[in-house]
Amino acid sequence: MLDFSLTDEQLDAAQMVKDFVDSEVYPTIKEYDRKQEMNPAALPRMAELGILGINIPVCYGGQGFDYVTLGLVCEELERCDSTLRVVMSVHMGLNSMGVLQWGTEEQKQRFLTPQARGEKYAAFCLTEPGAGSDVANLRSTAKKDGDDYIINGEKMWISLASKAHHFLWFAKTDPAAGSRGITAFMVTSDMLGVTSGDIHGKLGVRAGSTGWVNCQDVRVPAANRIGEEGEGFKIAMSCLDNGRYTVAAGATGLIRASLEASLKYAQERETFGQPIATYQLVQQKLAYMQQWYDNARLLYLRAGWLKNQGIRNTRETSMAKWYATDHSFQAANEAIQIHGAYGYSDEYDVERYLRNSRGAIIYEGTSEIHQLMQAGYLLGTRKDKPLRRELPAYDPDFWQAE
Amino acid sequence: MKVVVCTKQTPSTTAVFTVNNGTVSWDDPGGKPNVVNPWDEYAIEEGIRLKENHGASDVIALAVGSEESKEALKTALAMGCTEAILVSDDAFAGSDAVGSARVWAAAINHVSDAKVALFGKLTIDDNMGVAAMMTAQKLGWTPLTFVSAIKEISEDSITVERLLDDGKETVTAPLPAVLSLVKEINEPRYPSFMGIRKANRAEIPVWSAGDLTVEGETGAAASKVDWSHVYTIPPREGSVTLIEADSVEEQAKLLADKLFEEKVI
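Chain order of the listed sequences is Y and F. Sequential numbering of the first sequence, starting at 1, is according to our numbering. Sequential numbering of the second sequence, starting at 1, is according to our numbering.
It should be emphasised that the hints constitute simulated quantities derived from the structure, not laboratory data. Computed from a predicted structure; not experimentally measured. Beta carbons: idealized from backbone N, C-alpha and C, even for Gly. Take these hints with a grain of salt, some might be off.
[As the list claims (entries may be wrong)] With a straight-line Cα cutoff of 25 Å, these simulated DSS-like cross-link-like pairs (lysine-lysine) come out: (1) F:Lys70 / F:Lys115; (2) F:Lys32 / Y:Lys264; (3) Y:Lys202 / Y:Lys30; (4) Y:Lys18 / F:Lys70; (5) F:Lys70 / F:Lys253; (6) F:Lys183 / Y:Lys18; (7) Y:Lys18 / F:Lys32.
[Said to hold, decoys possible] Here are the simulated distance ranges between beta carbons: (8) Y:Tyr288 / F:Ser208: 34 to 40 Å; (9) Y:Lys202 / F:Gly31: 31 to 37 Å; (10) Y:Gln291 / F:Asn127: 37 to 43 Å; (11) Y:Met191 / F:Thr13: 47 to 53 Å; (12) Y:Glu402 / F:Asp125: 35 to 41 Å; (13) F:Asn53 / Y:Glu402: 21 to 27 Å; (14) Y:Asp346 / F:Pro234: 37 to 43 Å.
Based on the sequences and whatever the hints tell you, model everything.
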């Protein structure tokens, strides 16, 4: 049975997040974007309101909502600005959901619970200065030393680098084994030898924290290893299935923001004695933006529905991420065109939307990677094999039990 | 001690109104067309704080209106009220301010042991701001209007700060009391995620005329308000005059003279 309806609970949760960003984030976003700083109140408020644990079971400190609600929340966050959606991508999609899927019960208590409560912020450390899409080529190493591992390496383009307490870190335990030699660890910011810093001068997401994290002879207990030795590549890819979902939903919000701004401006701005919305070439742009929004939303909600059912969704999530991010860039670009010269200035929001949209076409799989993935599925060269641990299906009784 | 919060469902602050043959309708392209009256959010918040900080046992949200008003009550529950009750009956529909106060008083009386009733300063649809005072009169309770802080509360008395045009005053009054609150009193919280879930699953009971002892007439037939001629206010027409002079001071003088002449100041 195909059901396109959303529940009042899901819609009310999204509305609450919309009210929060409208009243607490939007009024100062330009200021922080110009300063290239993160609003210091952003993360504590997201924690306090429960957003950082929205779809984690209540027994692990979360709010017990489903994966679809996570998508709706990300759409609302990025409709205002990409920075807070990026928080959800790394803290929730790439880290917390990874621990939910792969962590032991003890690790869920130790890492997931404080993360879901917002007492600890979480990041994902896969990309390195010399290894982005080429994950198997990462250089970070983890050498076994008694009951510990000694980790060395540098990670780059890490969201929340300077804010996070927990880093899901991928390192080679067997450098000769390629992607099968990668292992995942939870490195904490208080461990000796962990340093981090922010990068400035980015094109977009300037009100967010993006940076580098370095591990120099960091001693990590084996109890912090997530999954088995050599399982890190699979863990990283499954985390990306969730991170990409949040990126797709967020980019959908950016399309909506571009459309809403354009619709308003086109009905106010007059040229040659009439509102520009009366011109068919402007109408065409608005119509396309609506089409992109509808398509992107349907694609991410399908992925969210599959997650709720516990059905593997790597292909569907990849499609949603590829489509939504590509079209969020196009929507922001068209929004600037509709705004004319004003759109080129930061007096209006649409230039920020364009700058923010660009990064998502690169991170969490470039659009080119997603095209290769789709082609791989079509040609039969890519198949999803069952994982030792799948993302658990949404079970309301378990998720909501207090 | 039980606290009653009196709420109303109103059009949203960004709703767009149209009048067609005397019938008013509205929609909000950016969100929900109906919301809990924004002023009532301060009353809901203060009610919850009375429970959190002053030992109130129950915070009961009431709404008088149609079935749709359950949406406003859901917001109150999601924010943290312990109970919500809809007061709804065809006999109450179309009541004027006095008729409404009679219904409010009967409903508040029906909540046993209620000591405090909280209203927002006014509702954004009627903009009259008289409900709290009229209800207090019908109940025989102490009216406390323009309350900007509850300083102390005990079983039998309350001390509040009132925000007046020329300053603030601190008043101590016996309970039970009806308070109308101004926005300076608090910062309303957002509904919590857990609250949203609970609110959506809550069965909201409905009290009808048969459940209450309403003294006096209510409903459209008893209303003294005449709604027979409802129309859209015609757009204001204006023109712009540029004041020209040799100096800014001279321009300011000409502007001031003009404003005096037009009796603007």
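Hints and how they fare:
{"no.": "1", "hint": "F:Lys70 / F:Lys115", "verdict": "24 Å, holds"}
{"no.": "2", "hint": "F:Lys32 / Y:Lys264", "verdict": "18 Å, holds"}
{"no.": "3", "hint": "Y:Lys202 / Y:Lys30", "verdict": "15 Å, holds"}
{"no.": "4", "hint": "Y:Lys18 / F:Lys70", "verdict": "21 Å, holds"}
{"no.": "5", "hint": "F:Lys70 / F:Lys253", "verdict": "56 Å, violated"}
{"no.": "6", "hint": "F:Lys183 / Y:Lys18", "verdict": "22 Å, holds"}
{"no.": "7", "hint": "Y:Lys18 / F:Lys32", "verdict": "12 Å, holds"}
{"no.": "8", "hint": "Y:Tyr288 / F:Ser208: 34 to 40 Å", "verdict": "52 Å, violated"}
{"no.": "9", "hint": "Y:Lys202 / F:Gly31: 31 to 37 Å", "verdict": "32 Å, holds"}
{"no.": "10", "hint": "Y:Gln291 / F:Asn127: 37 to 43 Å", "verdict": "42 Å, holds"}
{"no.": "11", "hint": "Y:Met191 / F:Thr13: 47 to 53 Å", "verdict": "50 Å, holds"}
{"no.": "12", "hint": "Y:Glu402 / F:Asp125: 35 to 41 Å", "verdict": "38 Å, holds"}
{"no.": "13", "hint": "F:Asn53 / Y:Glu402: 21 to 27 Å", "verdict": "24 Å, holds"}
{"no.": "14", "hint": "Y:Asp346 / F:Pro234: 37 to 43 Å", "verdict": "38 Å, holds"}
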